[in-house]
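Could you put together the complete structure from these sequences and hints?
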Amino acid sequence: MPHARRARLLYVTDLAYPARGRRYGDEDVFLSSRLRERFDLALCHPRDAAALMDGFDAVVVRNSGPVLGYRQQYEVFRARATAEGVPVYNPLTGRADMAGKQYLPELSAAGYPVIPTVAGGTGTDRLPDARSYVVKPLLGADSIGLQTVPAGGLREAAAAPDVLVQPWLDIRHEISFCYVDDVFQYALYAPDPARRWELVPYRATDEDLRFARRFIDWNAMRHGIQRVDACRTRDGRLLLVELEDLNPYLSLDALDDARRDAFVAAVTDSLHRFLADGTAR
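So the mapping is simple: the working numbering equals the position in the sequence shown, first residue as 1, plus 817.
Heads up, a few of these hints could be off.
Just the calculated beta-carbon pair ranges, DEER-fashion [unchecked claim]:
id	residue 1	residue 2	range
1	1090	872	16 to 24 angstroms
2	872	967	32 to 40 angstroms
3	930	896	45 to 53 angstroms
4	895	847	46 to 54 angstroms
5	833	964	23 to 31 angstroms
6	897	1051	41 to 49 angstroms
7	871	1008	29 to 37 angstroms
8	1073	871	34 to 42 angstroms
9	1000	833	30 to 38 angstroms
10	939	1000	22 to 30 angstroms
11	1014	964	17 to 25 angstroms
12	899	970	20 to 28 angstroms
13	1039	943	43 to 51 angstroms
14	973	1079	47 to 55 angstroms
For the record, the hints were derived by calculation from the structure and aren't laboratory data.
C-beta atoms are modelled at their ideal positions from N, C-alpha and C, and glycine is treated no differently.
Structure (structure tokens):
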């Protein structure tokens, strides 16, 4: 009896991207090697995804780096994938970082537990008083273009409409909650906020998970990998820093073997459900 054909995946990654404190290449070499046990898989650079995606059952976007570095190619990829019905994992319907960071002022205005955020050019008077403020590009990523300005320089720095403005917060630490589909997988945190990529496992409380779940539910993404990044303030509150639904780095090297294996199994099962969910061609 002939074997059933294995699904073919185009795995998009920038193995050479010089991420600060992270090793994109190592993580994607590991994860793609494990997925290859269940799928036929090829790797490609994000600049080449639009040209190469024909002939694959789905495109898996992983550590592809900040879109700012290849904006034109990314827009072509999105347009072609949408027009031709190519399944993309994570799906291109994400409402968070996948669509830029406009969701942060929107969630802030709606009363969600988010670092107070407004769009540049308007509304800085709605921010709490602070000694300094963080100004970053609306389409930014990986701290590109981020600047910290004193209160006296806020008006000039925040005049552009394509920036976000937040008060600088004195925090205890940052925590990342990783989900596959809508199922919590693990949490990591940086005990020293000045060394935000030195992560260790974190035992999330029920209250922590209720916080993270609000944003997973808001994004309503049926399939895919999401990372809820939060900071804990000095008074113990959690506030959203970002909801990464485009290409979240997973920090798999910070996990033990059992948790890493469980994560790989969750992603494998998720991809099978995604391909079977009427989206594969």
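Inset, instruction - Determine which of the earlier numbered hints do not hold for this structure and return their numbers in increasing order. - result: 2, 3, 4, 7, 10, 12, 13
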